[in-house]
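Chains as they are written, first to last, in the numbering used here: chain E, 40 to 381; chain F, 40 to 381.
Hints are computed from structural coordinates only; laboratory data are not their basis. Misleading hints may appear alongside valid ones.
No copy labels: a pair is met if it fits in one copy or bridges any two.
[What the hints assert, rightly or not] Cross-link-like lysine to aspartate or glutamate pairs, in silico, EDC-like; alpha carbons within 20 Å at most:
no.: 1; residue 1: LYS285; residue 2: ASP320
no.: 2; residue 1: LYS292; residue 2: ASP166
no.: 3; residue 1: LYS318; residue 2: GLU87
no.: 4; residue 1: LYS313; residue 2: GLU294
no.: 5; residue 1: LYS292; residue 2: ASP256
no.: 6; residue 1: LYS120; residue 2: GLU195
no.: 7; residue 1: LYS123; residue 2: GLU82
no.: 8; residue 1: LYS362; residue 2: ASP124
no.: 9; residue 1: LYS66; residue 2: ASP344
no.: 10; residue 1: LYS362; residue 2: GLU42
no.: 11; residue 1: LYS236; residue 2: ASP257
no.: 12; residue 1: LYS318; residue 2: GLU281
no.: 13; residue 1: LYS318; residue 2: ASP191
no.: 14; residue 1: LYS285; residue 2: ASP212
2 protein chains.
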Amino acid sequence: MSEQYRIALDAMGGDHGLSVVVPAALKALQQYNDIALTLVGDETQITEALQQHKAAPGNRLQIRHATQVVAMDESPAIAMKNKKDSSMRIAINMVKAGEADAAVSAGNTGALMATARFVLKTLPGIDRPAICTVLPSTNGHTHMLDLGANVDSEAEHLYQFALMGSELAKAIDNNSNPRVGLLNIGQEAIKGNEQVKAANALLQDCPLNYIGYVEGDDIYHGNVDVVVCDGFVGNVALKTSEGLAKMVSSQLKAEYTANLFTRLAALISLPVLKSFRRKFDPRRYNGASLLGLQGIVVKSHGGADSLAYANAIGIARTEVIAKVPQRIHKQLESLLAQRQNA
Amino acid sequence: MSEQYRIALDAMGGDHGLSVVVPAALKALQQYNDIALTLVGDETQITEALQQHKAAPGNRLQIRHATQVVAMDESPAIAMKNKKDSSMRIAINMVKAGEADAAVSAGNTGALMATARFVLKTLPGIDRPAICTVLPSTNGHTHMLDLGANVDSEAEHLYQFALMGSELAKAIDNNSNPRVGLLNIGQEAIKGNEQVKAANALLQDCPLNYIGYVEGDDIYHGNVDVVVCDGFVGNVALKTSEGLAKMVSSQLKAEYTANLFTRLAALISLPVLKSFRRKFDPRRYNGASLLGLQGIVVKSHGGADSLAYANAIGIARTEVIAKVPQRIHKQLESLLAQRQNA
């Protein structure tokens, strides 16, 4: 029997909990025959949800009971202190104990990051973990980090993000030399802030394929593989993109449903619009990686549906196969050795 | 004869210079019968360009000779020092001298901001001018500032941006109580940075219609009229939006031109697509306001065409009519008085 990649799912997390996680798990098991999943949460409820989908626990699908749930709006500190038997915590504990190779949760990002950091610890040499996601670009996709785990990042942190993002891109895209860019602003009065300028100096003097400053529009342009920025900036860029995409798609829909003629036009355009939507379907990009930890944790969007959630499981699987934390660790060690010799 | 609003145009600025500014000026003169324009730049070249459009100087269209041009990639410091007879500088000098009510330039943003600040000075109580633009939203539009004039803004600066943006929205939109939001990140590990938290405290204690924190997606959502942020963050959000919009429109075009059937679908969809494009036409949003100065200066996009540039002239006209700098000054004085009494 070939190797199985074991992934623990926080079955109670997210806006929809079991009603999304259970069908997503069943979908992922069909899609990837080399994974085994553990649904972590209320055993009775999980069993019922499985029955509704005419499914039952088995070799590749197990249940781990957890009595608590971290609420979506719960403060990370409270969750850490009072929810030691939450589905989120147990899923991450399983990674720590070696019972799972990765954990996936659609639960509250702050609590997930805090718990993952507390339980798994950061890799030696990493000060702050970062959140990294994939965004579509003209000719493929772009990895962007940090997306909100850190604000007021120092140059050294941005440097570490660059290194982690580069390793993730190598692992996920099978790209041996990903282009890394540092997000900055253009020909304005004052070019960049102090942290970005200092990070630029660090990055110019390192073995990454650093291509220099990039601007906001480069995220979608296809000329860079990894975009590095402070978490405040990255979070704003991501949310701004979500808002614009939502407005554009709702306006396009409004235009097409304005009257009988436009409805007819929509009908005829259906294949075009479907192909367009498929390409930009945010569900295909669901699953953000928590990087810099001694273990693999993937965050699914809180509002993700089962297709999107299954995609996040797929990302966890890819990271397990590629051994992303080990790769980052190895790369860090070699850089530290170089710095000491320099 | 009714009042004429006098606007000086940096005729040589931008990627396309006279070939855009001259037709834009002629367009704007037709569109607004209460404006008079001065084309500032090389007199011979301007006269030739006017002749090409079968136009000539007259009461409402004058030429002011300037011997120099600020290059698009010139450093602001060099431009300030060595280009004292540039079309950009002379246009701003005209505002200072009371010969024009506003200046419009598509020239390099850094040089324009530095020159405007040096010549016109900031309003009393304003530490840093800001750049403000209008972006489309689901049900209208949103003003956003700063867009890159300032990085590392302190709380007090963000507070001043809020005040300036609010006055601009009142003036331009005829909205007596614009909703002002402070751009922040969501339910992530650490909510906001120190400057944003401190600005939030200042804004909660002021007479603006402050609605609290907003996130990146709110820019396009229609639930806020003025979005306030640091220039680094605002510039990234704006450029990210431009990049996403460009990718979406080029991909939509690619889908519609894929084969004979999709071309037919495009033909039938033409009215829908046109109406859609009109609504999001970036040219309709061209013209960013330099706020906080003792005078009106509007920045047109460097690559703007004549329709877009004419829109920037329209924005300058609106600010002249609404007396935006005087309004900001008055509002500042009343806030300062309140603070002293408090």
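Hints, verified against the model:
no.: 1; hint: LYS285 - ASP320; in the structure: both (11 Å within a copy, 17 Å between copies)
no.: 2; hint: LYS292 - ASP166; in the structure: neither (45 Å within a copy, 45 Å between copies)
no.: 3; hint: LYS318 - GLU87; in the structure: neither (35 Å within a copy, 49 Å between copies)
no.: 4; hint: LYS313 - GLU294; in the structure: both (16 Å within a copy, 10 Å between copies)
no.: 5; hint: LYS292 - ASP256; in the structure: between (25 Å within a copy, 19 Å between copies)
no.: 6; hint: LYS120 - GLU195; in the structure: neither (30 Å within a copy, 36 Å between copies)
no.: 7; hint: LYS123 - GLU82; in the structure: within (17 Å within a copy, 77 Å between copies)
no.: 8; hint: LYS362 - ASP124; in the structure: neither (28 Å within a copy, 62 Å between copies)
no.: 9; hint: LYS66 - ASP344; in the structure: within (12 Å within a copy, 50 Å between copies)
no.: 10; hint: LYS362 - GLU42; in the structure: within (14 Å within a copy, 72 Å between copies)
no.: 11; hint: LYS236 - ASP257; in the structure: within (18 Å within a copy, 30 Å between copies)
no.: 12; hint: LYS318 - GLU281; in the structure: both (15 Å within a copy, 19 Å between copies)
no.: 13; hint: LYS318 - ASP191; in the structure: neither (34 Å within a copy, 37 Å between copies)
no.: 14; hint: LYS285 - ASP212; in the structure: neither (27 Å within a copy, 24 Å between copies)
Violated hints, in rising order: 2, 3, 6, 8, 13, 14; the structure is consistent with all others.
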